[in-house]
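Take a look at the letters that make up each chain.
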Amino acid sequence: MDDVDSDEFKRRRRRRSVAIAWALAALVVLFFIVTLVRLGGNVADRTF
Amino acid sequence: MADISQSQAQSYDAALDATLGGDVGDYLALLKPRVMFLVVFTGLAGMVAAPEAIHPVLAIAALLCIAVGSGAAGALNMWYDADIDARMTRTASRPIPRGRVEHSEAVAFGIVLSIGAVMCLGLMVNWLSAALLAGTIGFYVGIYTMWLKRSTPQNIVIGGAAGAMPPVIGWAAATDSVTLAPIVLFLIIFIWTPPHFWALALYRSGDYARVGVPMMPVVAGEAATRRQILIYSLILAPLGCVPAFIGLGGVFYLAASAVLGALFVVFAVRCWREREGDTSYRASKQLFAYSVLYLFLLFAVLLVEHAFGIGGGPLPPLWTV
Chain L
1 MDDVDSDEFK RRRRRRSVAI AWALAALVVL FFIVTLVRLG GNVADRTF
Chain Y
1 MADISQSQAQ SYDAALDATL GGDVGDYLAL LKPRVMFLVV FTGLAGMVAA PEAIHPVLAI
61 AALLCIAVGS GAAGALNMWY DADIDARMTR TASRPIPRGR VEHSEAVAFG IVLSIGAVMC
121 LGLMVNWLSA ALLAGTIGFY VGIYTMWLKR STPQNIVIGG AAGAMPPVIG WAAATDSVTL
181 APIVLFLIIF IWTPPHFWAL ALYRSGDYAR VGVPMMPVVA GEAATRRQIL IYSLILAPLG
241 CVPAFIGLGG VFYLAASAVL GALFVVFAVR CWREREGDTS YRASKQLFAY SVLYLFLLFA
301 VLLVEHAFGI GGGPLPPLWT V
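Residue numbers (this note's numbering), protein chains in the order written: chain L, 1 to 48; chain Y, 1 to 321.
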């Protein structure tokens, strides 16, 4: 059996993929909150 | 014979590990988490000591970028130094020498995180702090790791500038400017770095000599290194008190920095006087351990004073900077 077919290889790949997914999700949340903070006052106080 | 078999078995394990790819923990180890902690901590101190308040969300975002930038620089350092890391006791168990992470993966990881950290800091906070972070990563990898480390015993003196930048970046993130005040914080870490690393090099000089890294004890000898450590410590002790005179620290900080600085000199004197056998080994090891505690406590006091107003806040400045 090749190493790439082994359970250990799949376990490590899955853990890496899950970690990347969490990091990307955290970035999305961070960008969203930072956008709210940076826009916040400017949007509320805008003139039409 | 047994050694050869053991060595072959280790090589096989390393090769197998490389085929399997690293685990998440191996990639985290590439980021040098302990260094990252001190970087974030000093960056936070610079941010909190700044005269302008930064929104907590932006502060967290900035610290995250500083942490990732520091980790990325660490990963690139481990990639470039993998050959010597493998032959040094202190670093042989790092992910690349152990075969857990490939060279190409480490360099890609470091570059992607560097660019990501700088871009995110620029877009989310400000471009001055992002430019300082980019310069710091570039200096640490390009100037210190690739050039100075293997070519001069002054490697960590000049290279220390990279490790001294986090308070300046934190200050720039909060104020979008750099004044002389954060430069004082920079100078404290800059002057602290040589005695810190030379104390380590004194009891690890065999390691450095074996791989040809010209650390001070290897090139100039232990006596000269101990003298240099003492000189830097004598400069550091009063320099550590300066924030109290420029409106950065209060009474609490002044007292703490004076006591901590005096203790630093005591440990440096012991390191200078104890030159033989186990006591000399112990003295340099204790100085190294204390130097980490010194920097942590110095910035912790600054942080606590500013964040919680303990000690009545900063003293009126003798000099305006």
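Treat each hint with caution, since some may be false.
Said to hold, decoys possible - Simulated pairs of lysine to any residue, SDA-like, Cα-Cα distance not exceeding 20 Å: (1) L:LYS10 x Y:GLY25; (2) Y:LYS32 x L:ILE20; (3) L:LYS10 x Y:GLY21; (4) Y:LYS32 x L:ALA19; (5) L:LYS10 x Y:GLU105; (6) Y:LYS32 x L:ALA23; (7) L:LYS10 x Y:GLU102; (8) L:LYS10 x Y:LEU20; (9) Y:LYS32 x L:ARG16; (10) L:LYS10 x Y:LYS32; (11) L:LYS10 x Y:GLY221.
Quick caveat, the hints were computed from the structure, so don't treat them as lab data.
Hints numbered earlier in the text: which of these fail when held up against the supplied structure?
Hints 10, 11 are the ones this structure does not satisfy, whereas the remaining hints hold.
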